[in-house]
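Working from the sequences, and respecting the hints, build out all of it.
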Amino acid sequence: MDSSFDIEAFIRQRKQTRVVSDLLYDNASDYLTTLGALIRPQMIFGEYLQGAPRGSGREAQHAFKEFTALYDSTANAEPFRLLQELDVPLELLSTAPRLYPHEYDVRLTSTGKVIRVTSPTRWVVGFDGFSLQRFRHIIKDPNRSTAELLRYVVHYLMLFYCVNRAPGLGRLLLGLRFPVSFEKLDEFGSMPFCVVGSPIRSHLPEQDTILRSTEIAGNDTFEELIDVADIESMDDAVKQRLLKAIAAV
Numbered sequence: 004m005d006s007s008f009d010i011e012a013f014i015r016q017r018k019q020t021r022v023v024s025d026l027l028y029d030n031a032s033d034y035l036t037t038l039g040a041l042i043r044p045q046m047i048f049g050e051y052l053q054g055a056p057r058g059s060g061r062e063a064q065h066a067f068k069e070f071t072a073l074y075d076s077t078a079n080a081e082p083f084r085l086l087q088e089l090d091v092p093l094e095l096l097s098t099a100p101r102l103y104p105h106e107y108d109v110r111l112t113s114t115g116k117v118i119r120v121t122s123p124t125r126w127v128v129g130f131d132g133f134s135l136q137r138f139r140h141i142i143k144d145p146n147r148s149t150a151e152l153l154r155y156v157v158h159y160l161m162l163f164y165c166v167n168r169a170p171g172l173g174r175l176l177l178g179l180r181f182p183v184s185f186e187k188l189d190e191f192g193s194m195p196f197c198v199v200g201s202p203i204r205s206h207l208p209e210q211d212t213i214l215r216s217t218e219i220a221g222n223d224t225f226e227e228l229i230d231v232a233d234i235e236s237m238d239d240a241v242k243q244r245l246l247k248a249i250a251a252v
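Counted the way the numbering used here counts, the sequence shown spans residues 4 to 252.
Calculated directly from the structure, the hints in this document are not laboratory data. Bear in mind that the values here come from a model prediction, so they are computed numbers and not experimental data. It is possible that some hints are incorrect.
Okay, derived cross-link-like pairs now, BS3-like style, lysine-lysine, Cα gap no bigger than 25 Å in a straight line [to be verified]:
#1 Lys18 to Lys247
#2 Lys116 to Lys143
#3 Lys242 to Lys18
#4 Lys68 to Lys187
#5 Lys116 to Lys187
#6 Lys187 to Lys143
So, in structure tokens, the structure goes:
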């Protein structure tokens with residue numbers, strides 16, 4: 004093994020990263036749960052959703068027209084290839100927001116090996132019970148259930164549409180140092196996702212470090228790392244809590 008790879012320092016940084024990530028995730032989840040009432044598909048779409056109270060007919064009709072256009076442009080294309088029209092009223096099985104891991108692939112130039120990377124400081128927002136891991140599995144499954152794929156597409160597009168219509172939610176989370184952005188993710192075509200960030204950034208080390216780590220672990224996954232310097236440069240109340248947490252590692 005390359006002598007420049009300090010395994011003890013790397014293990015310590017991984018532990019620190021995990022402690023900080025867990026704290027940030029808990030904070031972001033609590034904020035999102037509290038502010039989840041601002042994600043109101045029933046109020047926006049009214050009678051176009053099963054079990055929802057009747058809302059303003061004109062506003063609900065306009066919202067459903069916009070959502071249908073979003074669905075058609077996304078669902079009909081790769082990788083979904085859904086040709087089904089939306090049934091009215093739409094059935095939503097869950098409207099409680101939840102954070103799911105933000106993952107992407109990196110190909111190592113030295114070996115061509117593809118590594119699945121997870122961010123410890125950013126998460127994708129979805130509805131409870133609709134994990135991104137399951138969504139990916141459905142997309143790749145040649146024998147997938149069209150009905151299940153349709154449910155996932157509708158639920159993720161619904162969350163994006165509702166969050167995009169609630170700018171107050173984004174401003175509140177930004178004030179709490181957890182900014183909201185809208186992004187496209189690998190494997191999901193043109194579908195827009197809602198992503199929540201955190202007060203600090205994480206990063207990938209040199210590819211040699213990633214290679215050594217995956218060889219030791221015996222898998223093809225890696226988590227971005229957090230530097231103590233990034234925490235120390237923070238100038239707010241979160242800083243002291245995070246420094247105290249990693250000091251105990």
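Taking the hints in turn, this is what the structure says about them:
1. Lys18 to Lys247: holds (14 Å)
2. Lys116 to Lys143: The hint holds at about 20 Å.
3. Lys242 to Lys18: Within the cut-off at roughly 17 Å; holds.
4. Lys68 to Lys187: Holds, at about 22 Å.
5. Lys116 to Lys187: Given that 25 Å is the threshold and the Cα spacing comes to 23 Å, the pair holds.
6. Lys187 to Lys143: holds (18 Å)
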